[in-house]
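*Asks:* Can you make the complete structure from the sequences, with help from the hints?
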Amino acid sequence: MIESILRVFPEILVGLLGMAVLVCSPFAKKERNDLAYLSIGGMGLILLATLIWGPQREGIAFDRMVIIDSYTSFFRILFCLTAIIVMLMSIDYVKYFPSRQGEFYSLLIFATMGMMLLPASGNFLTLFLSLELLSISSYILAAFMRNHPKSVEAGLKYLIVGGLSTGTLLYGISFIYGLTGSTDFQTVTEWIVARGRIEPVLLVACFLILVGLFFKIASFPFHVWIPDVYEGAPTPVTAFLSVGSKGAGFAVLVRVLMNVMTPLKHEWVFLIALFAAATLLFGNLAAIPQTNIKRLLGYSSIGQAGYLLVGLAAGNHLGTSAILFYLLAYLFSNLAAFLVIVVFFRTTQSDEIDDYAGLSRRSPLLASALTLGLLSLAGVPPLAGFFGKFILLGAAVREGLLWLVYIGALCIVISLYYYLMVIKQMYMGEIKDPRPLTIAPSARWTLYACMIGIILIGIYPSPFLNMAMAASKILF
Amino acid sequence: MTELPLLTIILLAPLFGAVMIFTLPEERKDAIRWIAAGTTFVALILSLFLLFQFDRTAAGFQFIEKLDWVPALGIAWHLGIDGISTAMVLLTSFIIFTGVFVSFSIQKRVKEFFILLLLLVTGVYGVFMSLDLFFFYFFYELAVIPMFLLIGVWGSTNREYATMKLTLYLTFGAVIALVPILTVYAMSYKELGHYTFDMLQLAQVHFSDRAQIMLFLPLLIGFGTLVPMWPFHSWSPGGHAAAPSAVSMLHAGVLMKLGAYGIIRIMYLFPVGARYWMPLVAVLCMMNILYGGYVAMSRRDLKFMVGYSSSSHMGYVLLGLASLNIIGFNGAVLLMFAHGVMTGLAFALIGFLYDQTHTRLLPEWAGEYGYDSANAHDHSQKKYPELSGLAKQLPFVGFFFIATAMASSGLPGFANFVSEFMIIIGTFRAYPIQTMLAIFGVVITAVYYLRAIRAAFFGEIHPKWKTLRDPTTWIERLPFVTLLLVLMIVGFYPSILVNLIHSGSASILERMQGGGGTVTASLAAWTAGWLR
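Just so you know, the protein sequences line up as chains X and W, in that order. Just so we're aligned: 216 in the numbering used here is position 216 of the first sequence, and the numbers increase by one with no gaps anywhere. Just so we're aligned: 416 in the numbering used here is position 416 of the second sequence, and the numbers increase by one with no gaps anywhere.
Errors might be hidden in some of the hints.
[As the list claims (entries may be wrong)] To give an idea of the interface, some chain W residues facing chain X are shown, with a C-beta separation under 8 Å as derived from the structure:
1. I64
2. L67
3. V70
4. G74
5. G152
6. V153
7. E160
8. T167
9. L168
10. T171
11. A186
12. Y354
[To be verified] Below, simulated DSBU-like cross-link-like pairs (lysine-lysine); rule was C-alpha separation at most 30 Å, straight line:
13. X:K432 x W:K111
14. X:K432 x W:K392
15. W:K190 x X:K265
16. X:K432 x W:K165
17. W:K29 x W:K111
18. W:K464 x W:K108
19. X:K473 x W:K190
20. W:K392 x W:K466
21. X:K150 x X:K432
22. W:K66 x X:K473
23. X:K432 x W:K108
To be clear, the hints were calculated from the coordinates, so they are not data collected in a lab. Glycine is no exception: its CB is placed at the ideal position from the N, C-alpha and C atoms.
*Replies:* Laid out in structure tokens, this is it:
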């Protein structure tokens, strides 16, 4: 028992930090950003502790309810990083709701705890609980600007769609339990193998579970909530959803597909490939007419999910490692873009792409950070996203999914078009609004860090790839 | 001497320059310009060193450098050059070095301009030197985005449309080529026992005929888009016209050669695929030569004219490659070099004119007989009159433009003559009809160049052009003189390059067993004698 508790110490610490923030919030000086520093410092220490002691404490905890292995460790680091960057991004943003800072940060922290537990789940119950912890915190966060109709709308839509997906997921799990009498991953797998033949009911159950998870990662046709939620939610929350929530969705999807559903691989590979193709085409084509940059990034994040699904459809070690690697690249690229949006919004109160005209002369730093972020998302060398897409597609080619790779390759051209439209505005547009843009020091340094991350991962991907490969080795 | 990683130094010199410029403030324009000039000069000197140090008697790749980059995937920093890439590296060095001097006149956002220009050229060097397919693709894509910004921000005519079209086309070509590259990578495991992007190792693999044929087509379309091979050419003239001078020079001079170079490399990897598909290229390139030339005749904008003329000349390169014959092949590579220098010179001259006149329009053609001097007075009504009678005012520019036109239409004494001659000789046996049509294409080239010269440089001069200034300082003259000298040196002494190219192309054609058999051998012997 003690051993089990020690194994999940980072998650426990994150939970305690969330409560601490909540308790401290009445006493904290809001204008001094006390709460932000407490949350960021706390998460930083937890990240450090996880890096140092995490790998020594790998193993099974609580009767296989929680599996702590190298795969879990990778995502712990990834999600702690996401949370820290999103909090840094929020320092400026929480000024819009000064009295509720404590709730904001603690909800972010609780959602992070859910994300960290998701890839660690070894049982459908843990999966469900951590998913709900993440989802419910996210619903509130999306509706956090409660005086803005759009934000409330975002929260409500997210809640309804999220509830639907949870229902689907639970329905699938109940089938599994009815068939096998267990919710434990390993028992279920053993049951499927022992059965020898594939029950149609089992396929239905798996399909329902996949659909539930597809809502989370916003695969076509379960993406409908994305644009409105991304546009309406407070920008740091949008960033958090697009990187963290999506990453967590993929983390658990990989775990479920590679762990529980391995015996059914022949059945799901084609299904995932179809979803990947549809998601790629839809996300990238629908992004073209967007005029609001948050909606644009919303659709682009659907397209990115399509690329990650390509890696999943490949289903081999390289594909899984590529997903992990790409999530890391995606973290820096997308957060850099959202950070620029937050800073830009503070001065201009606008998210319209047209208002970005001439940004390169108003603020070269913001323009170059957004350019790097978008180009990395598009997959242009020498940036992180390029190598990520390269190996995702490479993994699919190894499995002979050439048609899917061709679609993915063509979508690179489509995505480049709408990303370049933004860059064109920034570099070639005429300045309409000459007010100087103020960048807080915290935002400035975070931007530098993201840019370095994007370039470093792109130019010298080897250590990061090795990390991803080592993390996903355990699944094969 | 071989201890020094020469290729890496050439490759990274411009990148180093870009980083140095990045640290300078925008106001120090002269320092920025001279850093760019200095780093590209280093690259030029080292490329010339390569030219003389290259062992022409040995086939295959030299100056090889190898360093594991992503060992888990078999990606390595693997550089090396054969005769063909040496010529291309040298071409790049000449064009960028002169291009930097041409860009001295740019005043708007100087810092960003030179950073992007140097990044662009880093990508180009990288493609010519990479022996690893991953880096080959990496550098190729690297060159595209700086191009987008360079044309979009500093360009002229219809630049935003042109640059978007160009970028999307180039990326389209790249991703079409990406899939077969990844396929080859995936197949390497079965053949070699490990995954690799290494071209030298992949060349050892005997892919099945079917696989070669299937893989060659998408690669051909991908690289053909960049050449630009008809019907994927429409991005190119508009891009040339919109780009600032130095970028037009690099673009027409070097970037288009990346496509042809890519085709040469895939011919090396898939000899059977090449023999299967190159006859198709021999047909398509006729459209380049004739249709491109025909459109060039009808253009009034000088840059559009040279742009279409470039696509017409790239048709000759494709024809030479399609001949699968050592003479034609050598001619094609030499034409890549010659055309690069010639077109660089042409765009530098047009850019020089445009900086002062703000127009590149030739007068309206009066029927087939050119400029109608009776209507000359109408021009004074317009804000920018058309170009006419400039030679009197600008003898230097006039002289160089005429020399360029002579080179372009293949007059003896210039490198273009030698290369076009070799292509025609080499191709005749394989494709007699195409060759005859190609010879006709030379006449078309002469037609539009001579008409342009007559209209722009001779006849009555418009009063407004009386204030134009010829290049006077050595900085202004240097690019023109250098490029013309290169054209003439190679024109009078072609074996300085032909021997070099031969050492590379011989090993490629050797792999096409039966590509011409004894005929090839005898013609090779014949051409060797002719060159001596």
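*Asks:* Take the hints in turn and mark each one as holding or not.
*Replies:* Each hint tested on the structure:
1. Here the hint on W:I64 is broken, as its CB sits about 21 Å from the closest CB of chain X, past 8 Å.
2. For W:L67, the suggested interface contact is broken, since its CB lies about 11 Å from the closest CB of chain X, more than 8 Å.
3. For W:V70, the shortest C-beta to C-beta distance to chain X is roughly 5 Å, which falls under 8 Å, so the interface hint holds.
4. The interface hint given for W:G74 is broken, as the beta carbon of that residue sits about 11 Å from the closest beta carbon of chain X, more than 8 Å.
5. Evaluation of the W:G152 hint against chain X yields a held restraint, the C-beta minimum of about 5 Å falling below 8 Å.
6. Residue-level restraint check for W:V153 holds (minimum Cβ-Cβ distance to chain X is 6 Å; threshold 8 Å).
7. With a cut of 8 Å, the hint placing W:E160 at the interface with chain X holds, because the nearest CB-to-CB distance is about 6 Å.
8. Hint status for W:T167 relative to chain X: holds, with the closest Cβ pair at about 6 Å, below 8 Å.
9. Given the 8 Å rule on beta carbons, the hint for W:L168 holds: about 6 Å separates it from the nearest Cβ of chain X.
10. Interface hint status for W:T171: upheld, as the beta-carbon distance to the closest one in chain X is roughly 5 Å, under 8 Å.
11. About 5 Å separates the beta-carbon of W:A186 from the nearest beta-carbon of chain X, less than 8 Å, and the hint is met.
12. Residue-level restraint check for W:Y354 is violated (minimum Cβ-Cβ distance to chain X is 20 Å; threshold 8 Å).
13. Between X:K432 and W:K111, the direct Cα distance comes to roughly 23 Å. Compliance with the 30 Å bound is thereby established for this hinted pair.
14. Proposed proximity of X:K432 and W:K392 is contradicted: the alpha carbons are some 46 Å apart, above 30 Å.
15. Taken as a hint, the W:K190 and X:K265 pair is honoured in the structure, with Cα atoms around 23 Å apart against an allowance of 30 Å.
16. At most 30 Å may separate the alpha-carbon atoms for a hinted pair to count; X:K432 and W:K165 meet this at roughly 26 Å.
17. The straight-line distance between the Cα atoms of W:K29 and W:K111 is roughly 7 Å, inside the 30 Å bound, and the hint therefore holds.
18. Between the alpha carbons of W:K464 and W:K108 the distance comes to roughly 25 Å, so the proposed pair stays at or under 30 Å and holds.
19. About 22 Å separates the Cα atoms of X:K473 and W:K190, which keeps this hinted pair within 30 Å; it holds.
20. As the CA atoms of W:K392 and W:K466 are separated by approximately 9 Å, the hinted pair is consistent with the 30 Å bound.
21. For the suggested pair X:K150 and X:K432, the alpha carbons sit about 26 Å apart, so the restraint of at most 30 Å is met.
22. With a C-alpha separation of about 28 Å, the suggested pair W:K66 and X:K473 falls inside the 30 Å cut-off, and the hint holds.
23. A C-alpha spacing of about 19 Å is found between X:K432 and W:K108, which places the hinted pair at or below 30 Å, so the restraint holds.
When held up to the earlier numbered hints, the structure conflicts with 1, 2, 4, 12, 14 and fits the remainder.
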